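Sequence order for the protein chains is U and G. Here the first sequence stands for residues 791 to 1229, where the numbers follow the numbering used here. Here the second sequence stands for residues 791 to 1229, where the numbers follow the numbering used here.
Simulated from the structure, these hints should not be mistaken for laboratory data. Just to be clear, a hint being listed does not mean it is correct.
In this list, chains with the same sequence are indistinguishable; a pair is considered to hold if it fits within one copy or across any two.
[Unchecked claim] List of simulated lysine to any residue pairs, SDA-like, C-alpha gap at most 20 Å:
#1 LYS994 <-> LYS1178
#2 LYS871 <-> GLN1149
#3 LYS1206 <-> GLU1097
#4 LYS871 <-> ALA1093
#5 LYS871 <-> TRP834
#6 LYS994 <-> PRO1111
#7 LYS953 <-> ASN1185
#8 LYS953 <-> ALA991
#9 LYS953 <-> PRO983
#10 LYS953 <-> LEU981
#11 LYS1206 <-> ALA1070
#12 LYS953 <-> ASP1082
#13 LYS1206 <-> LEU801
#14 LYS871 <-> ARG1189
#15 LYS994 <-> ASN951
#16 LYS953 <-> LEU990
#17 LYS953 <-> ALA985
Model, not experiment: these values are computed from the prediction.
The residues making up each chain are set out below.
There are 2 protein chains.
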Amino acid sequence: MSLNETHDPALRSWVASAHAAGTDFPLQNLPFAVFRRQGSSEPWRGGVAIGDQIVDLAALAAAGVLSGEAAAAAQAGAQDKLNALMALGQPAWSALRLALSRALREGAAEQPRLQGCLVPQAQAEYDVPARIGDYTDFYTSVHHATNIGRLFRPDNPLLPNYKWVPIGYHGRASSIGVSGQSFRRPLGQTLPPGATQPSLAPSKRLDIELELGIFVGPGNAQGEPVPMEQAEDHVFGICLFNDWSARDIQAWEYQPLGPFLSKSFASTLSPWVVTLEALAPYRVPFERPEGDPQPLPYLDSDANRREGSLDIQLQVDLLTPRLREAGSAATICRTSYRHAYWTVAQMVAHHTVNGCNLQPGDLFGSGTLSGPTLDQAGALIELTAGGKQPLALANGETRTFLEDGDSVVIRGWCEKSGAARIGFGECVGTVLPALATGA
Amino acid sequence: MSLNETHDPALRSWVASAHAAGTDFPLQNLPFAVFRRQGSSEPWRGGVAIGDQIVDLAALAAAGVLSGEAAAAAQAGAQDKLNALMALGQPAWSALRLALSRALREGAAEQPRLQGCLVPQAQAEYDVPARIGDYTDFYTSVHHATNIGRLFRPDNPLLPNYKWVPIGYHGRASSIGVSGQSFRRPLGQTLPPGATQPSLAPSKRLDIELELGIFVGPGNAQGEPVPMEQAEDHVFGICLFNDWSARDIQAWEYQPLGPFLSKSFASTLSPWVVTLEALAPYRVPFERPEGDPQPLPYLDSDANRREGSLDIQLQVDLLTPRLREAGSAATICRTSYRHAYWTVAQMVAHHTVNGCNLQPGDLFGSGTLSGPTLDQAGALIELTAGGKQPLALANGETRTFLEDGDSVVIRGWCEKSGAARIGFGECVGTVLPALATGA
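Here chain U stands alone, though its shape is the one from the complex (with noise of 0.2 Å):
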């Protein structure tokens, strides 16, 4: 994907907040939301981030300030969901960007209209994005699945598949939440250590898993592979995920069919989504370590090989209670998707490989995403070797797993010179404690 004028990083807009030191969401951004008025019964509508304001595509569409098919992308995306939006494809979401980066520009005549449309970030709350027909987890990073290999088996941490599968599994779309969202901590069977027969109890080791959920865009008709060379085409854009996970519970049902209750009781998606061509700066090559085999063809293409992968920095933050009243959290991870094994259009090529239809909305997690240093881990399992190697935070508290009333902060961005900052937001949940059990 080439660079056009929107990426110009000299563009400036008559929203004087997007030019704030560290902003998220400059004139070069616009990523898509789904929002209304806090505590109000509005009807939830897209909404594209500009500065610390929303430009309401409803209020938007309604006004008639766009035109052909930026107006028709502003019109699909003023719905409560934003899957016809995604539907529509790489052309019509280029469009849009287009019409909003020189309507939002400094000078244009558009602004009178457009200031109607301006909602306050503060003032506003945030749904799902998409209806989400199904959710896949990856399992892209190669760090994460060794470190994780090495707690069950030392000597052979990596499976044989995995420098050659982009191993995924499909996961559960209906307790996908979006950031502010809190939960219960799950009850299930365990197997406690040195117990002979399971019981149902709350989770002793919830974790946490950074990761990036990739929101497809338009489908593919059912037995059509996604070939390499069409796959980005297929994607709408990126945010930040949190597929929280309760390890003891997966330690004891995931066999032999993959982890079910160990993770389907929460997962929390950022509210902004970033479009791959917000991204088009930020792209490097996809390498693969000396000595490693090359991808098999349908997972080849010389654009992936040119510049596959994506520089997103990623940053993990705990706010255990103390931490919160005094103000302060916790950075126990920071790291860069650019680690990952497998690329977003290797995820799509592999998915569809077989036929499967993908349909607008769906979400791919990219799974955990560790780094190559154990700092860069990106689930406690892993910061804590298993538990073992409880993380010191700086007020003198320490944690293996969450307790109830912590709150984990993810947060992604993009930086470089000669580039605008790409923000992600960020993604938060809290762990509430347990419903009482008498099982």
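The hints should help you fit chain G onto chain U, whose structure is shown.
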């Protein structure tokens, strides 16, 4: 669930075909589907089977034949998917069933007006009955789990969690189709025997999975488990289901996160969904073999022990192209759902114990319903001992796994003296040749 006047085997309908010998759809059944006239552009809508006819719920609602809760249920069922009807719950379904049972009886005053709402099944085509938000496949046959486990681990076929956990995993909803579905043999990565590197090729071990599909009715709120005593209130009904599987793809991909592309290319549902109320005469006790552990309290209830299982007889027929031409089919399996190790209520209670929210129209697969003896196995991998002992068909052909052009027909029914026969119709799917691949 107790018997009521709708179950009386002596009831007679003014629809003569409801009394044809061996009909699946007598007056005591009244299952639901989504249909329209073949080749028409009519809207899809709900219908109820009676003999060889369909009561068109949209026509019924428009004609104002019913009143009160039954009329509201018919109206909900008039939409292009049954989700709204499923959401209404047991009292509404029961009211509609009772009203239809009375209106379709010999001598009913409603006959003249209802007659105009009938569409012959011979003129109908069907759609998937619900918008399936999430599809979960269980693994409730201990015989299937043991047979499959023996192929991988001869000395230790059954994993230690099996008799405690109703094992399940998330499946792919988008590729589920309705009876009559044809699908291409999937391509996929496999590691052929003796090969040092995997390759992409059409599956050589394409299999069936004889299952039942269970549709969820009203959902539960996230964080609120459904106790056993209320579990069946969340179940709309049951249909036939074939969860086609590519065993060679599965063997290479499934570790450590479970089956993915080996199952997501296609799954086939029967059009007719039989309600739990219609199945009430065929309830049987849920029993554990001597020496097996009793279910944990959250998976146990008096009602479940007394009548948690269902005696649904199942049959799988294979139609090779030559058999199809000869007008005969080879029956390759006969079994009953009564052999399942976990009940429908236990699936609901387990699925929600962690707080996972079910939604109207969600689908559970029972898992492959193999019975206690090998000729009762519901998958070719079991029937042929992993492909080593081909099935000999009566016309001299043999099969290990499915070949291009093969069709598989699943049938299901309940039958005993003193109760009306309750049938499920059939679930048919056909294998098309794979796409050519140069990879």
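Evaluation of the provided hints:
{"no.": "1", "hint": "LYS994 <-> LYS1178", "in the structure": "within (14 Å within a copy, 45 Å between copies)"}
{"no.": "2", "hint": "LYS871 <-> GLN1149", "in the structure": "both (14 Å within a copy, 18 Å between copies)"}
{"no.": "3", "hint": "LYS1206 <-> GLU1097", "in the structure": "within (16 Å within a copy, 66 Å between copies)"}
{"no.": "4", "hint": "LYS871 <-> ALA1093", "in the structure": "neither (31 Å within a copy, 42 Å between copies)"}
{"no.": "5", "hint": "LYS871 <-> TRP834", "in the structure": "within (8 Å within a copy, 24 Å between copies)"}
{"no.": "6", "hint": "LYS994 <-> PRO1111", "in the structure": "within (18 Å within a copy, 56 Å between copies)"}
{"no.": "7", "hint": "LYS953 <-> ASN1185", "in the structure": "neither (41 Å within a copy, 45 Å between copies)"}
{"no.": "8", "hint": "LYS953 <-> ALA991", "in the structure": "between (37 Å within a copy, 18 Å between copies)"}
{"no.": "9", "hint": "LYS953 <-> PRO983", "in the structure": "between (33 Å within a copy, 19 Å between copies)"}
{"no.": "10", "hint": "LYS953 <-> LEU981", "in the structure": "between (32 Å within a copy, 13 Å between copies)"}
{"no.": "11", "hint": "LYS1206 <-> ALA1070", "in the structure": "within (12 Å within a copy, 67 Å between copies)"}
{"no.": "12", "hint": "LYS953 <-> ASP1082", "in the structure": "within (7 Å within a copy, 41 Å between copies)"}
{"no.": "13", "hint": "LYS1206 <-> LEU801", "in the structure": "within (16 Å within a copy, 78 Å between copies)"}
{"no.": "14", "hint": "LYS871 <-> ARG1189", "in the structure": "neither (38 Å within a copy, 48 Å between copies)"}
{"no.": "15", "hint": "LYS994 <-> ASN951", "in the structure": "between (31 Å within a copy, 19 Å between copies)"}
{"no.": "16", "hint": "LYS953 <-> LEU990", "in the structure": "between (37 Å within a copy, 15 Å between copies)"}
{"no.": "17", "hint": "LYS953 <-> ALA985", "in the structure": "between (36 Å within a copy, 16 Å between copies)"}
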